[in-house]
Amino acid sequence: MDDSLRIGSYAFHSRLMVGTGKYENFNVMKDAIAASGAQVVTVAVRRVNLDNPDEESLLDHLDGDKVTILPNTAGCASVDEAVRVAHVAKAAGLSDLVKLEVINDSETLLPDVVATIEATKILVNDGFTVMPYTSGDPVIAGKLIDAGAASVMPFASPIGSGQGFIDFSFIRLMVKRFGGVVPIVVDAGLGVPSDAAQAMELGADAVLVNTAIARAKDPVAMARGFKLGVEAGRLGFLAGRIPRVDYARPSSPGEGVIK
Amino acid sequence: MEITILVNGAERRTEDGITVGRFLERLGVRRQTAVVEHNRRILKKDDYDSVTLKERDELELVRFVGGG
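Chains as they are written, first to last, in my numbering: chain A, 336 to 594; chain B, 5 to 72.
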């Protein structure tokens, strides 16, 4: 059965996306990406360090044949900034994908959803495949989809917090309303593979993980853990779970017991 | 004649009429890995050797770094 993940005109067999931030060095990052099996890898856009213009390039350590680069607009606090950074990223000629982040609250790093909707409209119009980082609010997700978003990326908990799901009821709502319309990619806050499995069991189409892998004691092992978590959760979702009931139901026959 | 331009938000002195390509070489920036914005317009790599810099021009030189 073809169970590929489709985002705009892109298709992937892996449902785990990974970030490239916070790694101790490029070698660990490379090994972790390989162990994760991820085909979508996020990167950030920053000024060249003119005091060290010759520093190693991140792109030299990413295999463009194996992974698709997903530039983000992290650090952008307004519509204008995010649109500008997205265009700069696209000019690098790697893809028209953008993980759209508009954040202006440094303490919570919660998305400015109003600005995100506005920026989505502009970037879709400019020919981007837009993947906006958003809250768990299904109403906002609906507006992003109306604006032309190719996926929605709700957080599980604040970026980098490793709390897993604070409340997964919203993901259920989102899946119910938009499952099959655009991919729902749970991004941010996942801490351990079971968080990823839970997201996938709930019907998320993919997850994106950075800090939980990059800052684990053993990032490569954690990357593999997340890969398995995502696969386990996806199978659990596709297989169809049993209904939850309030009382016990015996697994063994009630008749024929020796008395 | 020297001019003052703004590169990644900081003032730099260089000669009037220098091409973007030559200026990048001076800075030691590899043109393959950097994207260049000139006065808020993204420059195609093919244009680096024809576009010249003048007083108060603004350049942004950016590249990809690790991020989530």
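Treat the hints as calculated values from the structure; they're not laboratory data.
Where hints are given, some of them may not hold.
What the hints assert, rightly or not - Chain A side only, calculated, beta carbon under 8 Å to chain B, not exhaustive:
1. 356
2. 379
3. 383
4. 385
5. 389
6. 392
7. 394
8. 407
9. 409
10. 412
11. 459
12. 545
13. 556
14. 559
15. 563
16. 567
Glycine included, each C-beta is placed from N, C-alpha and C at the ideal position.
Just to be careful: measuring from the Cβ of residue 383 (chain A) to every Cβ in chain B, is the smallest value less than 8 Å? Given a least distance of 4 Å, the restraint on residue 383 (chain A) holds.
Have a go at the residue 459 (chain A) hint: is there a Cβ in chain B nearer than 8 Å to its own Cβ? At 19 Å from the nearest chain B Cβ, residue 459 (chain A) fails the 8 Å test, so the hint is violated.
Measuring from the C-beta of residue 385 (chain A) to each C-beta in chain B, is the shortest one below 8 Å? This hint holds: residue 385 (chain A) lies near chain B, its Cβ roughly 6 Å from the closest one there, short of 8 Å.
Per the CB criterion, is residue 379 (chain A) less than 8 Å away from chain B? At 3 Å from the nearest chain B Cβ, residue 379 (chain A) passes the 8 Å test, so the hint holds.
May I ask you to test the interface hint for residue 412 (chain A) with respect to chain B, counting a Cβ-Cβ separation under 8 Å as satisfied? violated, 16 Å
Residue 556 (chain A) was flagged as interface toward chain B. Is the shortest Cβ-Cβ separation under 8 Å? violated, 19 Å
Taking the least C-beta to C-beta distance, is residue 545 (chain A) closer than 8 Å to chain B? Result: holds, 3 Å to nearest chain B Cβ.
Hint check, residue 409 (chain A) versus chain B [nearest Cβ-Cβ separation less than 8 Å]: holds, 5 Å
Hint check, residue 392 (chain A) versus chain B [nearest Cβ-Cβ separation less than 8 Å]: holds, 5 Å
Have a go at the residue 567 (chain A) hint: is there a Cβ in chain B nearer than 8 Å to its own Cβ? violated, 23 Å
Could you check if residue 407 (chain A) really has its C-beta closer than 8 Å to a C-beta on chain B? holds, 5 Å
When the least beta-carbon distance from residue 356 (chain A) to chain B is tested against 8 Å, hint result: Interface hint status for residue 356 (chain A): holds (4 Å vs cutoff 8 Å).
Consistency note: the structure conflicts with the earlier hints numbered 10, 11, 13, 14, 15 and 16.
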